[in-house]
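The C-terminal residue of the sequence shown carries number 155 in the working numbering, and the numbering is unbroken.
Treat the hints with care, since some could be wrong.
Restraint ranges, calculated between C-beta atoms of paired labels, are given here [claimed, not checked]: (1) Thr143 to Glu61: 31 to 41 Å; (2) Gln133 to Lys36: 33 to 43 Å; (3) Thr144 to Phe46: 30 to 40 Å; (4) Asp120 to Ala87: 19 to 29 Å; (5) Ser121 to Ala87: 18 to 28 Å; (6) Ser147 to Lys28: 10 to 20 Å; (7) Ser121 to Glu98: 23 to 33 Å; (8) Asn101 to Ile135: 35 to 45 Å.
30 Å max Cα-Cα, derived DSSO-like pairs, lysine-lysine [claimed, not checked]: (9) Lys28 to Lys95; (10) Lys48 to Lys21; (11) Lys145 to Lys123; (12) Lys113 to Lys77; (13) Lys23 to Lys63; (14) Lys36 to Lys48; (15) Lys23 to Lys36; (16) Lys71 to Lys48; (17) Lys145 to Lys77; (18) Lys77 to Lys48; (19) Lys145 to Lys78.
Since the hints were derived computationally from the structure, they do not count as laboratory data. C-beta atoms are modelled at their ideal positions from N, C-alpha and C, and glycine is treated no differently.
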Amino acid sequence: MQFDIVQLGKIGIINLMSRIKAKVSEEKVLQFLQEKRDEHIGAFHFIKGGELSQAFSFTSEGKDFIIRINKTDESFKKDQYASEHFASSIIPIPKIIEISNMDADFFYCISEKAAGNDLDSIKEGFAHTVYPQLIKIMDAIHTTKLSPGKYGWWV
Numbered sequence: 001m002q003f004d005i006v007q008l009g010k011i012g013i014i015n016l017m018s019r020i021k022a023k024v025s026e027e028k029v030l031q032f033l034q035e036k037r038d039e040h041i042g043a044f045h046f047i048k049g050g051e052l053s054q055a056f057s058f059t060s061e062g063k064d065f066i067i068r069i070n071k072t073d074e075s076f077k078k079d080q081y082a083s084e085h086f087a088s089s090i091i092p093i094p095k096i097i098e099i100s101n102m103d104a105d106f107f108y109c110i111s112e113k114a115a116g117n118d119l120d121s122i123k124e125g126f127a128h129t130v131y132p133q134l135i136k137i138m139d140a141i142h143t144t145k146l147s148p149g150k151y152g153w154w155v
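All chains should be modelled from the sequences, with the hints used to inform the complete structure.
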């Protein structure tokens, strides 16, 4: 797919992403989880957002998890690499539990659910309360030492 940069204004990107993003019914994902992990899945909820993956939160055996569904496993493997190599008490990256095929069309990734909220959900007037922590996280990311070849296109 090739796109003209001029066409990719905010509306163009939204339209493009809505065609790329994985779309699986909540019922199918819940049934998959019940068959794969635990027939007593609780607190199953759709999570708004995400550019390419469709995401849901759920509980299983008393723990909170996230399942993301995507057409490829590429971004899940990048998240797993980041979790295994860069997660710390300062950089909160959830642990990846499992990455595999959901069916012939989709992959899934189950991770521990991280505490907190995304930046878009912070109410106006309260953003300043998270800035110090955000700056601390960004500084830790910036000073992280990378192994040769483990950046850019993830070669």
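Results for each hint:
| no. | hint | result |
| --- | --- | --- |
| 1 | Thr143 to Glu61: 31 to 41 Å | 37 Å, holds |
| 2 | Gln133 to Lys36: 33 to 43 Å | 35 Å, holds |
| 3 | Thr144 to Phe46: 30 to 40 Å | 33 Å, holds |
| 4 | Asp120 to Ala87: 19 to 29 Å | 22 Å, holds |
| 5 | Ser121 to Ala87: 18 to 28 Å | 22 Å, holds |
| 6 | Ser147 to Lys28: 10 to 20 Å | 39 Å, violated |
| 7 | Ser121 to Glu98: 23 to 33 Å | 27 Å, holds |
| 8 | Asn101 to Ile135: 35 to 45 Å | 40 Å, holds |
| 9 | Lys28 to Lys95 | 24 Å, holds |
| 10 | Lys48 to Lys21 | 12 Å, holds |
| 11 | Lys145 to Lys123 | 34 Å, violated |
| 12 | Lys113 to Lys77 | 17 Å, holds |
| 13 | Lys23 to Lys63 | 25 Å, holds |
| 14 | Lys36 to Lys48 | 24 Å, holds |
| 15 | Lys23 to Lys36 | 19 Å, holds |
| 16 | Lys71 to Lys48 | 18 Å, holds |
| 17 | Lys145 to Lys77 | 20 Å, holds |
| 18 | Lys77 to Lys48 | 22 Å, holds |
| 19 | Lys145 to Lys78 | 17 Å, holds |
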